[in-house]
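Chains L and P, in that order, give the protein sequences.
Residue numbering for the first sequence follows the UniProt record's numbering, beginning at 1 and increasing consecutively.
Residue numbering for the second sequence follows the UniProt record's numbering, beginning at 1 and increasing consecutively.
Certain hints may be false.
[Said to hold, decoys possible] Label pairs and their computed distance ranges (CB to CB):
no.	chain 1	residue 1	chain 2	residue 2	range
1	L	SER45	P	GLU53	20 to 28 Å
2	P	GLY71	L	SER210	48 to 56 Å
3	P	ASN66	L	GLU58	23 to 31 Å
4	L	THR202	P	ASN17	36 to 44 Å
5	P	SER41	L	PHE116	37 to 45 Å
6	P	GLY71	L	SER248	21 to 29 Å
7	L	ASP243	P	THR4	25 to 33 Å
[To be verified] In silico BS3-like pairs for lysine-lysine, Cα to Cα no more than 30 Å straight-line:
no.	chain 1	residue 1	chain 2	residue 2
8	P	LYS79	P	LYS68
9	P	LYS68	L	LYS236
10	P	LYS65	L	LYS236
Since the hints were made in silico from the structure, they are not lab data.
If you're wondering where the values come from, they're calculated on a predicted model, not measured in any experiment.
C-beta atoms are modelled at their ideal positions from N, C-alpha and C, and glycine is treated no differently.
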Amino acid sequence: MAKIKPSKGAPYARILGVGGYRPTRVVPNEVILETIDSSDEWIRSRSGIQTRHWANDEETVAAMSIEASGKAIADAGISAEQIGGVIVSTVSHFKQTPAVATEIADKLGTAKAAAFDISAGCAGFGYGLTLAKGMIVEGSAEYVLVIGVERLSDLTDLEDRATAFLFGDGAGAVVVGPADEPAIGPTVWGSEGDKSETIKQTVPWTDYRSGEVAKFPAITQEGQAVFRWAVFEMAKVAKEALDAAGISAEDLDVFIPHQANERIIDSMVKTLKLPESVTVARDVRTTGNTSAASIPLAMERLLATGEAKSGDTALVIGFGAGLVYAATVVTLP
Amino acid sequence: MAATQEEIVAGLAEIVNEIAGIPVEDVQLDKSFTDDLDVDSLSMVEVVVAAEERFDVKIPDEDVKNLKTVGDATDYILKHQG
């Protein structure tokens, strides 16, 4: 029998650079209040959100991704031609064929990098990061770009007082590459499809096309059920990711949970009993919930403001529609 | 051993005090969590999870919305505690 030569990868992988793009239009709560009966105080107390960014017509999923990726590539100190894989996580790119990753790979100037989209909601960044790490260690790419990008304003029901204020748009990207020592821990991830009704698109596109429903699809959720799962079940997953990486809460410098809602973040910090020394990402206040983009955007901001620094140990956890989740410990770029 | 009504109210008072900062003496059977005790829908989830642990009871999401007052929660726990 013919013998197949094995592929040869790097011993380990790490995040080498991060970049973000936030749309130019900043939307304060006052604008949200034009279509729902609520108040600035109510929105802030339930979510921590003060402003969010909404994309304009030019700020497409591809355009925002290219901006964020360009910054991540520069931050990593590599060139686009070295990138062998482009993974895009999004649920709000409305032209599903072809995958938007191919356009991004081309426009960035990669050398025909493998490129594909994934759908893992707010856990998309962790799913993409795990795939990228696998590709690098397995040897099918030396450098992989992982992009989380959303235009959730397109999927927001502005008349739903439970969600109208929640979502934002933006793109976050990281370059993952080879490393001599572990810098991305084991991923604790999974899905709970029995809870698929908890966060979902209201109706399939085909119902809208056929005229069966008049209202464009939007994302809805069962707030209390999501809150309970996100805080108490995800705290267990976060703890498992720390244990899997052999990191104690005291060893941790930074906590970057998916920026779903500041109340969830507060409760998670309390449930995990994180020491005060741990810097906690609270980008949701001015960015809203940007699903797959939220973790890399929050990471980029913490590093840009100096609240976190290169080499810090960070716990990242994403969780959302599916329900799906992914948590891991990383060394910050 | 199952908790008595008095013990449950006292336990809920401690929980509500810890989560919403409401004085324990304000937590009475006839008080509404939202209207009287400043416990919003998300804090209510925290109260419920803490009560589940303390009283060894399961309170599913679909039942949480029926617990309007401290009395409702106390009755629920009395009936369902392990």
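Here is what the structure says about each hint:
1. Here the CB-CB span from SER45(L) to GLU53(P) is close to 25 Å, well matched to the stated 20 to 28 Å.
2. In this structure, GLY71(P) and SER210(L) meet the distance hint of 48 to 56 Å, their C-beta atoms being roughly 49 Å apart.
3. Separated by about 49 Å at the C-beta atoms, ASN66(P) and GLU58(L) break the suggested range of 23 to 31 Å.
4. Evaluation of the 36 to 44 Å hint for THR202(L) and ASN17(P) yields a pass: the beta carbon distance comes to about 39 Å.
5. For the pair SER41(P) and PHE116(L), the supplied restraint of 37 to 45 Å holds, since their beta-carbon distance comes to about 39 Å.
6. Checked against the hint of 21 to 29 Å, the C-beta distance between GLY71(P) and SER248(L) comes to roughly 43 Å, which is inconsistent with it.
7. Hint check: ASP243(L) to THR4(P), Cβ distance near 39 Å, so the stated range 25 to 33 Å is violated.
8. Between LYS79(P) and LYS68(P) the CA atoms are separated by roughly 16 Å; this keeps the pair inside 30 Å, and the hint holds.
9. Only pairs whose Cα atoms come within 30 Å are accepted, and LYS68(P) paired with LYS236(L) is accepted, the gap being roughly 29 Å.
10. Only pairs whose Cα atoms come within 30 Å are accepted, and LYS65(P) paired with LYS236(L) is accepted, the gap being roughly 25 Å.
Hint check: violations occur at hints 3, 6 and 7; the rest are consistent with the structure.
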